[in-house]
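Asks: One line per chain: the protein sequences are A and B, in this order. With the first letter of the first sequence counted as 1, position 537 gets the number 537 in my numbering; the numbers rise by one all the way through. For my numbering, count along the second sequence from 1 and bump the result up by 577.
By construction, these hints were calculated from the structure, which means they are not laboratory data. Think of the CB as a built atom: it goes at the ideal place given N, C-alpha and C, for glycine as much as any other residue. Be aware that a few hints might be false.
To be verified - For the chain B half of the interface with chain A, some residues (derived, Cβ under 7 Å), not all of them: (1) 631; (2) 657; (3) 658; (4) 664; (5) 666; (6) 668; (7) 670; (8) 674; (9) 683; (10) 684; (11) 762; (12) 852.
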Amino acid sequence: MVIRFMQGDVPLNSAALPSFERRAPRRLSFSGLPGWILSLLLILVMLLPLAMLLVDILSPDFALWQRMWRTFLPDVLWNTLRLMIGVGVGTFAIGAFFAWLISTYSFPGRRWFEHLLLLPLAIPGFIMGFVYVTIFEYAGPVQTALRDWFGWSRGDYWFPNIASPGGLIIVLTLVLYPYVYILARAAFREQASSTLEAAQVMGLGRWRTFLRVSLPMARPQIAAGVLLAIMEAMTDYGTVSYFSYPTLSERIVVLWNTSFDISAATQLAALMVVVALVLLAVERRMRGQARYFQQGGYGRPLEPQPLRGRSAWLATTACAVLLATAFLLPVTQLIVWTVHEISSPTVNLLRQAMLDYAGNSFTLSVLAAAVIMVLAMLIAYATRAHSTGGRHRPRWMARLMTIGYAMPGAVIGAGVLTFVNPIDGAVTDFATDVLGYMQPAYLLTGTILALTYAYVVRFMAVGFNSVDASLEKVRPNMEGAARTMGAGSWRILRRIHFPLIRMGMVAGGILVFVDVMKELPITLLLRPFGMDTLALRAYFLSMEGWHESAAIPALMIVAVGLIPVYLLIRVGSRNVK
Amino acid sequence: MSNKHLIITLDSVSKYYGSVRAVDNVSLSIGRGQMLVLLGSSGCGKTTALRLIAGLERPDAGEIWLDGDLVAGNGHWTPPEQRRIGMVFQDYALFPHLTSMENIAFPLHSQTAQQRRARVEDLLALVGMEGMGDRYPHQLSGGQQQRIALARALAPHPSVVLLDEPFSNLDAFRRKQVREEVRQILKAADATGIFVTHDQEEAMGITDVIAVMQAGRIMQVGDPAALYRHPELPEVADFLGEANRLHGIADGLRVETALGTLPLARAAHGSVKALVRPESILIERNDESNAIVESVRFYGYYQMLTVRLSDGTRLDARVWAHVDVSPGDPVHVRVEGNIVTFAEG
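Same shape as in the complex, but just chain B (with noise of 0.2 Å):
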């Protein structure tokens, strides 16, 4: 099961709590330096999965190996303290009696102060909180927090981090910054990331690698364009954003639908869900038109529409801002780009 650049491998993980599989039967590989989101809606058993790695929770079956060395699994078991990992939690699990600099040294507690200092220094310059390590958490802001917990998970130089919600705590507005921040200071810090996150699009901005999780089960993983326009389940399809199914009959790379024929991505036969993303229906104005805008709303920088095809199926499409449409307008619709198909079910 060793691989030298795997830094942590799951095989077949499971966990249970009472008849709830909170983590089932996973199995996950990830590279040095590699930063991986794992994304799901809330009970979805991804802070399970994170604190199985961290040695927080033991497995019920399967291994764990970080770095090459099983830690559980198998008979083995390497309590959290000895797994040299970095975690940040929701919460931030700051201690609310130590000033940031000691929550920062805490880690550090095999080194001399000198040692100690220096490296705390360094660190508080590295998350832009310079002179700030006298505070006690209470005096900090929640992005300050979450800056002090990062670097205090930093401090003993991990080779992986842990990362759960660590920007839920966060207003939409400082959440892209701090986020963007935290990525560059993992990226100078030469660490392996997980991220935990219920939320879509933060994942796509954070990562080059998903991990879609459900119901304890891992459903795909790939790179945030391929899961959102290739989908291989329905519910990573619904979880990743809005789509139109749209009924048709598949013949190879090709399928048969009211909107004429279209590629496919993937090959598949017979009657069939074909997946089309709103952004992915042009509408145009011309001559030939195929259907009536029923309705429009407005949302700034784009507008939703619902059209109506002649034989009655309804199609939500995204237009930008400019496009001046109302509701009653006749429109041509088409496809952009290959789309997936689901079975139909």
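This is chain A alone, in the form it adopts within the complex (with noise of 0.2 Å):
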């Protein structure tokens, strides 16, 4: 569970680019030609591992893939298929719906709602599966109190079974249905209220509107936002996992790490690989549709009409619901379970643990941030979308920087595998050939260096984007004014673009620290042996069924997770404004 919002979704970057722009002439050495070769080889290094899991794939072992197809493979897609549908169909309702009514109606605490309905994104899928399961499982409390109650025993009730695909489609709606929300209220937003009154005029009413209006308007937004979700849950992990319901993704994990069945892994990621690039050029059309649409949205925003009585309390209680649904039942819970398992006499134990895995969650974090926002930086700077030399950044640069993010981790934990293997046997078949070494060397499998090179490839995209967007707010302009006030290019650097871009590079650094946190697969397959992080942690025990014992480091993951949903709601509130 990643949040994506730097991706371009929400205008952190809202200074849009004045056309009077001319190219000028090769500013600093860096922007030149080394720059680009320089930026260039950094994007080839972090797209080798998917481009030898599709070198793979050019190869296909027709064996294996009858192998596959006689076993799990028809179930592994059936169920991918059956989840990604699901989902989609789910934010879709409850993204489109709360979007439209918070976008079009005034109620009581609409205001509080409209940045509240964004919180779920804090919570990663496998912490809310694991929540909702123990709470409405056999033995959650909510079926043993209905079984107090009533003095019924097992057998006499039906109750929905949560842990069934269901429930998991349920609770992965629960979390990424804010992708939905978050696009389709900027589309709703944008439509010029006059519009929406001319179809009134013309004689339908508010709901006929929607359905006949604003809806198709708004349609490619809100179809980016569910192809968004969609592929969330594909490449979701942690929770299909703790469902125990196999998807595509749970499977490359399973085969690589438990089954040891390298080569089904490879091929089934490589498999993934194509499905992701064709679900991101969807989605990249989508997007490009949903801008084209948009030109017709200026004018008077729309006035959101005052609800009164029944309909009123009706829309707050609506919000009310999914809220708590969504956010405050889960985080109560952990919150619940917490006190519980810190008031227990083994916490010192357990305290000291706890200290380890948040330091090992620290230090990945900080890590793989300070890495990607260095690397992002020095490919920001030199290639920049203004004025290099003449040269613009060719808008390839950007999207194959941002293939990672669409891959599911267990696809670029398998490519970085395949990668990083093969160069630690070459150099122990050397150390025992020409060294007489007798023992295998591990230089990068099972190391930091690896998962961190993991980590960069997954995440560039977030360090990308952000200091891009910073760096778009110096106007080229800027810099000419600052040249011909006699200010060389140190000068320049040093006072206005450091100052303009800081923001940006710390936004982009907490966004990747966050999503670093909260990752599992990838830390799963490259972690060094032993070293647990609070998201490990939290998932491995959940999978035991100590929930008292995982919501500690749940619940340090929901927190740090707040941060960039902070992030998001006041860059929307400023949005409004």
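With the hints as a guide, dock the two chains, each given alone in a separate frame, to form the complex.
Replies: And the structure:
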């Protein structure tokens, strides 16, 4: 579960570029050819693991595919498809409906709900999953209470099974609907009230105006949001594995990590690379359309119409119920468990361990954030969109960098391993043959180096988009102005560029930090032996049913996850003003 | 090429973007203390010309001289930071993270803090922004940002100030006022100014010398009245205002047209197109009518008439609001002042 809002969903970079820009002569020597070559090289290295998987699928092992098809593949494909459809429908219904409700009507609490409905973004799916299952399963508090009240016993009553595909779809819908909600809300907001008034003058009621005008106009954005949610569902590992619901993403980790069936895992990963690339292309198209559709959205913004009486309370209740189910209930439950766990006698032992996990999480997240932000700044700066010695950065460069972000963590983990293992193998051979050293050398496999590399491949887009957006605030004329006032390259860098991109660096760093903090499959596949993170700990403990122990790391992850949601809310409310 | 009185000289300067000739063999000289306007429609190369002078672009051919020094061309290159030129950008290019005061102080980095403060205070007073030094650009209106940008450009006492469409972000009402202020400020600072604009009225309001640019070339240089009355090229004539074209036969300083024999400002021979501005056409109501009013468009302080001469020629005439005419009225039309002609074609 990652937060993707820096990818351009919400315009953090509101400074649109004026059209009168001219190309300027080469400025800093770094902006020239060396910078470009370095950037291309870095991007190439980032894409290498994925490219190697693709090469792998070019020489498919038909016997292997046949074996997979006879055993698990049909089920896994069907599961994956079912999950994607279910989550797509669910997030569409909830996200679009609430976005419409909040942007069209005003009712008690609307201003609060507008932002609070984004909070579920902070909860990773697998945490939501284990909290929900624990609450609603047979031995959970809800069913126990029902049995106590009515004196039922097993078999006397029907209760929906939460640990089912349906339950999984509900859980993922609850954490993923904000994607649709954000984009749909932005789309509805941009619709000029005159368009809707025109529809009403022509005799359409509010509801029919929504169905026949608002919704079709917002279709590209909503579709993009639904697609994002679907991609998240496809790439999810933690939640599906908690629900024992094998999907492609889950299978890759299991094949690699548990069955050690490396070739099968690689072939599946390669298949997913292709699927993810297709989805990414579709999403791009929709984004483009969304931009096109927005062209008409000028004029007076939509004025929310006050709801009165029963309908007002109905709207408030609906928002309150959604907020309670998707955020308040799970977080409260985590807090209760945490308090309970902390007051238990085994706590001292645990506290030390938790500090270690938190330390590991922190180290990995900071390391990844630092490496990504430095690389992102180098690339963004060297290949600046405006003007670098007359060269404009082609759009494919930014696109190449976002590919990693669309891939499931499991695929990137597998890709990095296929890339890293042969290197270690070669080193081992060298050590054995030449140096007579008889132990296998693990220079990369299972080291922080390989792990960080995988994080960079996966999360580069987050950092890069953030830096690049802030670099757009530096209009080319500012550099020109500084130069006519006698400032040289170094002074421009220090006095103009750095102060202006500092906030973007910090924001991007925070986003990467939180993403790495929540990451499961890559960490699981590539971590150094015994190095557990908070996310892994929460995952392992919940898998074994220790929900109270799992609550502590889970709560810490949610708390950290709230930081980017807060940033998102702030950006959102600034855009309104 | 060096000349004591000329502060800027462009000698056959060209700048290409691929196959586009943004600036095409431009030669131009500006004297110390002069104000020059580069006038042209968007994309005519006027901004590129300005950026070439500032050193933000390198010419592909030709030489640029500043105050007697060769700064570009013939193997020489002086980077913009060494040219001591002030520039006001179209988007002002104020630094958003610095206050007005810090923006103005930006070019004064080699001075002591005290000198800097004194100079900034002087400049804030000069542009009428006393007490606003602590504001950030986003807290200022468009006109105020414009003045800060101007103050910043003037801070290091540049001998040349370049202004790229400096008034385009202001509304029509403020524009006149700010334009006059900027003129005064530049005069007070004893600076040479080059303005770039696409608005011919604005161009004529600013200065005494206008260079009309089109497609990267300078078409004509002159004072506003000469350019308006006696354009050398039809493109210049059209760019500066509406004009009637009358077929005529010229012979020296006379041209024979449907309106009779008219005096010419420039000698011409043979079949020509005579250029007659609408306000040069006088409409009189007397017994000898030679035209019929076809339509009247009322614009407030003036009205535009279309009249048809007896031979069918239609002419536009600009007359004051008080003239009382209606379509169908017979009128007498004559031309006042001397006119120019262009070869027919």
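Asks: Looking back at the numbered hints, which does the structure fail to meet, lowest number first?
Replies: 11, 12
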